[in-house]
Amino acid sequence: MLMGDRAKYFGLIFGVTFATLLMTQQVSIFISLMARTASAIYAVDEADIWVMDPRVRYLEEVEPLRDVELGNVRSVAGVEWAVPFYKGLATIRMPDGVTQQVQLIGVDDVTMVGRCPEMVMGDPMALQRPQQAMMDVNGFLFTWPGEPLQVGKQVELNDNRLTISALCEVMPTFFTFPILYVSYNTAMEVTPPTRNKMSFVLVKAADGVSVAELTERITAQTGLQALSQHDFAWRSINYILERTGIPINFGITIILGVLIGLAITAQTFYIFVVENLKQFAALKAIGVTNLQLLRMVLAQAAIVGLSGYGLGVGLTAVFFTVTADAPALKGFQMYWQVVVGTAGVMTLIVVISILFSLRRVFKLDPAMVFRG
Amino acid sequence: MAKQSKVLPVTASTNPVAIQVRKVVKDFAVGNEHLRVLHDITADIRMGELTMLVGPSGCGKTTLISILSGILSSSGGEITIFGESLIAMKDSAKVLFRRENIGFIFQQYNLLPALTAAENAAMPLVAAGMTLEAATEKAREVLRRIGMEGQTEKLPRMLSGGQQQRVAIARALVHNPRLIVCDEPTAALDAKTGRQVMEILREIANDTNRCVLVVTHDNRIYSFADRILAMSDGRIVGDHAAEDYVHDHG
Ligand SMILES: Nc1ncnc2c1ncn2[C@@H]1O[C@H](COP(=O)(O)OP(=O)(O)OP(=O)(O)O)[C@@H](O)[C@H]1O
Ligand SMILES: [Mg+2]
Chain A
1 MLMGDRAKYF
11 GLIFGVTFAT
21 LLMTQQVSIF
31 ISLMARTASA
41 IYAVDEADIW
51 VMDPRVRYLE
61 EVEPLRDVEL
71 GNVRSVAGVE
81 WAVPFYKGLA
91 TIRMPDGVTQ
101 QVQLIGVDDV
111 TMVGRCPEMV
121 MGDPMALQRP
131 QQAMMDVNGF
141 LFTWPGEPLQ
151 VGKQVELNDN
161 RLTISALCEV
171 MPTFFTFPIL
181 YVSYNTAMEV
191 TPPTRNKMSF
201 VLVKAADGVS
211 VAELTERITA
221 QTGLQALSQH
231 DFAWRSINYI
241 LERTGIPINF
251 GITIILGVLI
261 GLAITAQTFY
271 IFVVENLKQF
281 AALKAIGVTN
291 LQLLRMVLAQ
301 AAIVGLSGYG
311 LGVGLTAVFF
321 TVTADAPALK
331 GFQMYWQVVV
341 GTAGVMTLIV
351 VISILFSLRR
361 VFKLDPAMVF
371 RG
Chain B
1001 MAKQSKVLPV
1011 TASTNPVAIQ
1021 VRKVVKDFAV
1031 GNEHLRVLHD
1041 ITADIRMGEL
1051 TMLVGPSGCG
1061 KTTLISILSG
1071 ILSSSGGEIT
1081 IFGESLIAMK
1091 DSAKVLFRRE
1101 NIGFIFQQYN
1111 LLPALTAAEN
1121 AAMPLVAAGM
1131 TLEAATEKAR
1141 EVLRRIGMEG
1151 QTEKLPRMLS
1161 GGQQQRVAIA
1171 RALVHNPRLI
1181 VCDEPTAALD
1191 AKTGRQVMEI
1201 LREIANDTNR
1211 CVLVVTHDNR
1221 IYSFADRILA
1231 MSDGRIVGDH
1241 AAEDYVHDHG
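These protein sequences, in sequence, are chains A and B.
All the letters of the first sequence, read from the start, carry residue numbers 1 to 372 under our numbering.
All the letters of the second sequence, read from the start, carry residue numbers 1001 to 1250 under our numbering.
To be clear, the hints were calculated from the coordinates, so they are not data collected in a lab.
Backbone N, C-alpha and C define an ideal beta-carbon position, used for all residues, glycine too.
Accuracy of the hints is not assured; some may be wrong.
To be verified - If you anchor each label on the Cβ, the simulated ranges turn out as follows:
hint	chain 1	residue 1	chain 2	residue 2	range
1	B	Pro1113	A	Leu259	24 to 34 Å
2	A	Lys363	B	Phe1028	15 to 25 Å
3	B	Lys1192	A	Val351	21 to 31 Å
4	A	Leu298	B	Arg1178	29 to 39 Å
5	A	Gln333	B	Ala1128	44 to 54 Å
6	A	Ala299	B	Ala1093	18 to 28 Å
7	A	Leu259	B	Gly1058	46 to 56 Å
8	B	Leu1096	A	Thr321	50 to 60 Å
9	A	Leu298	B	Asp1027	52 to 62 Å
10	B	His1039	A	Leu259	18 to 28 Å
11	A	Val351	B	Ser1232	45 to 55 Å
12	B	Leu1096	A	Val351	22 to 32 Å
13	A	Ile246	B	Met1158	28 to 38 Å
14	B	Ala1128	A	Gly310	28 to 38 Å
Unchecked claim - Below 30 Å or equal to it, Euclidean Cα-Cα: the simulated DSS-like pairs (lysine-lysine) are:
hint	chain 1	residue 1	chain 2	residue 2
15	B	Lys1154	A	Lys8
16	B	Lys1192	B	Lys1154
17	A	Lys153	B	Lys1192
18	A	Lys330	A	Lys87
19	A	Lys363	B	Lys1094
20	A	Lys278	B	Lys1192
21	A	Lys363	A	Lys278
22	B	Lys1090	A	Lys363
23	B	Lys1090	A	Lys330
24	A	Lys363	B	Lys1192
25	B	Lys1023	B	Lys1090
26	A	Lys153	A	Lys87
27	A	Lys8	A	Lys363
28	B	Lys1094	B	Lys1023
29	A	Lys153	A	Lys330
30	B	Lys1094	B	Lys1138
31	A	Lys153	A	Lys204
32	A	Lys278	B	Lys1154
Kindly generate the complete structure, drawing on both the sequences and the hints.
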C-alpha cells in the first residue's frame, strides 16, 4: 500500500535503518567497553579471588596495600596460594628521548600469575631475570609505529633500563595505553620508593573450598576487601555504569535514535493514513474489517521494517568489520543479543506507529465515503 | 444502445422485491437540534432493475442509499433487504452483510493509489478471506469483461477517470453481490465516458438476480434506468417508469 509512494517508502526505510544502526552500533560499543573493563580481570584466570583495599571500587583505582597483608592473606585457612600483583601507570622513555605512558603490571616472580597468557614472540620466563619486560603487541605497534614486531627493544623507566624480551597478545582493556609486564620485584625496583606498593593480592582457593566462603573468611580475618573474579568484574562495570558519564552519553544517543526512528515512522504512517482516509473508508464500506486493514498495513510495514532493519544491522556489521583493526576499537563487536533486542525495539516502534496512525481509520465512519 | 437490448419490460414491477423500505426516517443531530433529513420513506426496490434515485442537491439521496446499504443507521422505520431486517442487524453483522451482498461504486472511485487495478478490484474477495493471488486473478477476469484488458496491472494514477471508474465497477462486481449501489457514478466523467459506464451498469441490472441502485443528478443518463424514484426535501415525491420520466424531465 505504501509501495506506490516512493518518497514515503524510502523515508520509512531510512527511519528504520537509522534507528537500527544507531542502536546496534552504540549498544554494542557500550557493551564492548564494559567487557573491556572486565577482560583485564578475567585475563588473570588462575586466581579465584582478588584481595584489595576496601576503598577500591574498580580495577583502575588502586589503593596500595601494606606488604604484611600478603602474609595475612596467606594465613587464612583455605587459601591454596596468594601472590602479590602490581598495577599502575608509568612513563617509559625511549633511547631517543621520546616518552610514552604505559600500564605497568608486576606479576609474582615465581608463579607469574597475572601475566598475559597468549605469547606472540620471545620467552615469558625471561621476566624472572632482572630488567626484563614483556609488552603487548598493540602497545608495541603504538610505541614503535611502522617497525616490525621484535624483541630486544630497550626502554628506560625511572632511570632503570628495561629490555623488552617478549611480546604477547592481550584482550584490550579499558585504557588503551601499552601494557608493560615485569616481575613483581622488578616493579618494586623501577617504581618510586613509596611505603606501600602492592596493588592486589591474588588468591587461589584450596580444593574443596568454596570461593564465596573463602572471600568472606579473608574479609573477616584481614579487614580487606576480597572479591571473586566475577564479583570484581561486575563491581568494576557497575562503578562505570553508576559513577561515570559514559552510560549517560550512550543512553542519550540510543534514546535519540529510538525517538527519531519512532518520529519518522509514526509521522510517515500517519500522513499516509490521512492522505488515504477516503480510500480506507471505502474499504470499510465494502466490508473490510478493522482487523483486516490492520493486517494489510502490518504486512506492508513488515516488508519496510525488515528492509530497514537489515540495512541497519548490515551497516553496523560493516562498521565493526572496517574498524576491527583500529586499536581504539579492538575487540569491539556486534553482540547477537543486541541484534535480537534491536529487532524487538524496531518491531515495537513500527507497531506503535501503525496503531497510532490507524486509530483514525479504526474510528472512521464508513458513511463518510459518500460525502464530498 | 444497451437500453434496447434489455429483455425485461419497463414495467417490471412484478420482479421480486430486493429492498423493502417502510416509513424510514433519518435525523441528524446538529448542535442540540435534530434535523430530519428523511421523512417516511416508503418504497420497493426490485431485482433485475436499475433504479435511479434523483432529485435536487441536499434532498437526501446519499443519506438514503447510505442507510439502504447498511453503512448508516436510520432513526426509525423498517428495511428488509433480501429478506433480512437491516434494522435488527448489529454493526458487525452489517459489515459481513455488505461484504457478501453489496457492491459499491463511488463518485470519486476511491481506489487505493498504491494498489494495481486488479488488486484494487480484488479487495472484496480479500476481505472475504481469499488469498491476494486468487482474488487478483478473479479481478483480472472481471476487468477484462468490462473492457480493461491490458490495464489490469496499472496503478490508478496511470488510468483515465473512465478507466478508474471501471476498476471501481470491477471492485463492485468481483464478489458477485446481489445489490450494486452507486452514488453519482458519472459525475466525474465526461458525457461519452459516463454513457459507457452506464452501459455496463445497465447490463448488470439485466440479470434478474441483481439489483442496481444509482443516485444521480445527471439527466443525460436517466434513459438507462428502468425506474426512477424522485426525491425532494427528504421525501419520495414520484415513482416512475423511466420512459415516462425521461419524457417529462429528460
Ligand atoms: N452527517 C450529517 N450531519 C448533519 N447533516 C447532514 C449529514 N449528512 C447529511 N446531512 C444533511 O442531510 C441533507 C441530505 O444530504 P444528502 O447528502 O443525503 O443529500 P444529497 O441528495 O445526496 O445531495 P447531493 O445531491 O448534493 O449529493 C442535507 O441537508 C445535508 O446537509
Ligand atoms: Mg449526494
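If you draw a straight line from the CA of Lys363 (chain A) to the CA of Lys278 (chain A), is it 30 Å or shorter?
-> Given pair Lys363 (chain A), Lys278 (chain A) holds - Cα atoms ~13 Å apart, limit 30 Å.
Range hint 52 to 62 Å: satisfied by the CB atoms of Leu298 (chain A) and Asp1027 (chain B)?
-> violated (39 Å)
Using the Cβ atoms, figure out if Leu298 (chain A) sits within 29 to 39 Å of Arg1178 (chain B).
-> holds (32 Å)
Can the suggested window of 44 to 54 Å be confirmed for the beta-carbon pair Gln333 (chain A) and Ala1128 (chain B)?
-> The hint (44 to 54 Å, Cβ to Cβ) holds, given that Gln333 (chain A) and Ala1128 (chain B) are roughly 50 Å apart.
Using the beta carbons of Ala1128 (chain B) and Gly310 (chain A), state whether their distance is inside 28 to 38 Å or not.
-> holds (34 Å)
Given pair status - Lys1090 (chain B), Lys1023 (chain B), alpha carbons within 30 Å = Holds, at about 20 Å.
Taking only the CA atoms, is the gap from Lys1090 (chain B) to Lys363 (chain A) under or equal to 30 Å?
-> holds (17 Å)
Within 30 Å, alpha carbon to alpha carbon, are Lys278 (chain A) and Lys1192 (chain B)?
-> Holds. Lys278 (chain A) to Lys1192 (chain B) sits at ~27 Å (cutoff 30 Å).
Between Leu259 (chain A) and Gly1058 (chain B), does the C-beta distance stay in 46 to 56 Å?
-> For Gly1058 (chain B) against Leu259 (chain A), whose Cβ atoms are near 48 Å apart, the range 46 to 56 Å holds.
Take the C-alpha atoms of Lys1090 (chain B) and Lys330 (chain A), compute the straight-line distance between them, and say whether it is at most 30 Å.
-> Cα-Cα ~66 Å, so violated.
Restraint check for Lys153 (chain A) with Lys1192 (chain B), where alpha carbons must lie at most 30 Å apart | violated (96 Å)
State, for the Cβ atoms of Pro1113 (chain B) and Leu259 (chain A), whether the hinted interval 24 to 34 Å holds or is violated.
-> With a Cβ separation near 30 Å, Pro1113 (chain B) and Leu259 (chain A) satisfy 24 to 34 Å, so the hint holds.
When the structure is compared with the earlier hints, violations turn up for hints 3, 9, 10, 13, 17, 23, 24, 31 and for no others.
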